[in-house]
Structure formats: structure tokens, C-alpha cells
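A.B. asks: For the record, the sequence lines run as chains S and X. Under the working numbering, the first sequence has 58 at position 47, and the numbering climbs by one with no breaks. Under the working numbering, the second sequence has 220 at position 156, and the numbering climbs by one with no breaks.
Bear in mind the hints are in silico, worked out from the structure with no lab data behind them. Treat the hints with caution; some may be incorrect.
[Said to hold, decoys possible] From the structure, some residues in chain S lie toward chain X, with a derived Cβ separation under 8 Å: (1) Leu27; (2) Val34; (3) His42; (4) Ala45.
Yeah, the Cβ is synthetic: ideal placement off N, Cα and C, and Gly gets one too.
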Amino acid sequence: MTPEDIDQILSSDDLLEPASGFVMSVMEAVHQQASEPPPRAFPWFRFAIGLIGCLVAAASGTILLLTVGPALGALSAPLAFLTRLEPEFGCVIAALLLTFAFASLRKLRLTV
Amino acid sequence: MGEGDQDAADVARIVAGDRNAFEGIVRRWQRRLVNLAYRFCRDRALAEDMAQEAFLKAFRSLATFRAESAFSTWLMAIALNTYRSRLRAEGQPLLSLDPARTFSAEVSALRGLIERQDAEAVRKAVLTLPGRYREAILLFYFEDKSVGDAASVLGIAEGTLKARLHRGRELLRQKMQ
């Protein structure tokens, strides 16, 4: 088959006539779609407040650590038992936290 | 009133809240959208379904339409993106490139019929090309061989389109040997 044959074939494809009810079907779908409530907008205001809250907490924590640095050893003494735990325990906790984080992200995306 | 003016008038009415005006757009463009879809899938029912989806997307996006580009280019680009996503999600319909296998019952028939089989095999072979060549060829021939129109719909430079057409035709020729 020559390039000219291919060109000729592709230039001469038949034209389909849409079904008689096509326009009506599209308009029904349009009206149905228009009557649905609009999708919920992303809660930017709440998101901004949450973000500012996180930043304030992080800044306060940093300032606190710098201020009470020398006394940190005494403060963390009650948590010393954690060092006796197996390292696998930490991995399990990290995996659980990641799972919760991804689940929350998915929920957030669904509500947007 | 020209077709472009009618489209502009209908778009203005829809944006103003009269969604029945969309019917005029559907009536004027249904043949083009259904036929473009058919060239992408060679299946009538699927083509009408994809065209309906494209019209719905266009309706949803009408508020964002700016008259910077022609309405036809805008609508065809929406249709192209819809068909592309749909076929990517559902997979290209299964196609046989072997005319003898597809039409085994008619091989002994008249020469005209065999020519039609060959033609259909070529059109189906286009659908097995990599996406960029497939879209270039389908749009170019659908737009009556207008490089400018096809390139606008695809959102690429005319030179790029020509290169894709050249490569696509070469691949097609190899497939049909």
C-alpha cells in the first residue's frame, strides 16, 4: 500500500449521523447536571487558621526549648523508659501515624 | 448570522443563565463531535457517549470561555481532551488489523468490498499508533487537512504537527506492509 493510498483512505472516512435522540439526551444530562448542588469549595479560611496555629505552636516550642535548654534533661526524665523499648516499636508507631495521615488526606480530598 | 456569531450569541445567553440555549450549540456541533469521537474508537455507541461527555464538559466550562480563540477550536480541544482521557481510562477498544480475519466471510466478494476492508484496516491501524501520532493524523484529516486548525486544537506548533504527521504516516505504512 502506497503513502498516496493511505492518504486517500484517511481523507475519505464516512460521516456518521448522530442518533435522532442525541440532542435530547445531551440536554437532559445538562439539565440534570445544572440541578445538582455545586461542589463544596475548599475550606481555605479554616485551612489558613490551622496553618497559622501550627506555625505559632512550632515557634512557641522552639522558643521554649531555647529558653529552658539546660533544664531539658530533667524535663525528659519521665520519658526515659522509651529508650528501653525495642526499635521495632518505633517503626510500628511511625507506620500507624503515616496511615492516619494518609487517611486524613484522602478524606480531605473527598470533601473538596 | 454566521455559525460563529450564533455560537457567541448562545454562549452569552447560557452565561446569563439560559441553559436551554445550549441546545443550539449541541445541534450545530453534534455531527463534528460524534464523528471525531468515532474516529478515535470506531464504535458508534461509544462515540456518542464520549461526545455527550464532551458537551457536558463544555457546558461546565462555558463560564471560563474567553473569545481569545475561536469557539470551534475551544470546543474541539475540550472534545479531544475528553476522548483522550476516556480512552486512557477505559483502554482503546480491541481492534484487529487483519482484514482477512475481520471480514473472513466476505473476502471472496467484490473488489469494492475488499477495498473497503483495506480502508477500514488502515483506519483501525491509525488507532494502534502511539498517542501523539494518532492524534496528529486523526485531527489533520478530520480538519480537512488544515495544518493550522489541527495544530490549534492540539495546542502545538505547526512544525511539530508536520513532524508528527510525517512520522505517523511512516509508522502506518510499515504496519500496512
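A.B. asks: Each hint needs a verdict: does it hold in this structure or not?
C.D. replies: How the hints compare with the structure:
1. Residue-level restraint check for Leu27/S holds (minimum Cβ-Cβ distance to chain X is 5 Å; threshold 8 Å).
2. Given hint, Val34/S at the interface with chain X, holds; its Cβ is 5 Å from that chain's nearest Cβ, closer than 8 Å.
3. At about 7 Å, the closest approach between the beta carbon of His42/S and any beta carbon in chain X falls short of 8 Å, and the interface hint on this residue holds.
4. With 8 Å as the threshold, the beta carbon of Ala45/S comes within range of chain X, its nearest partner Cβ sitting at about 5 Å, so the hint holds.
Checked against the numbered hints above, the structure violates none of them.
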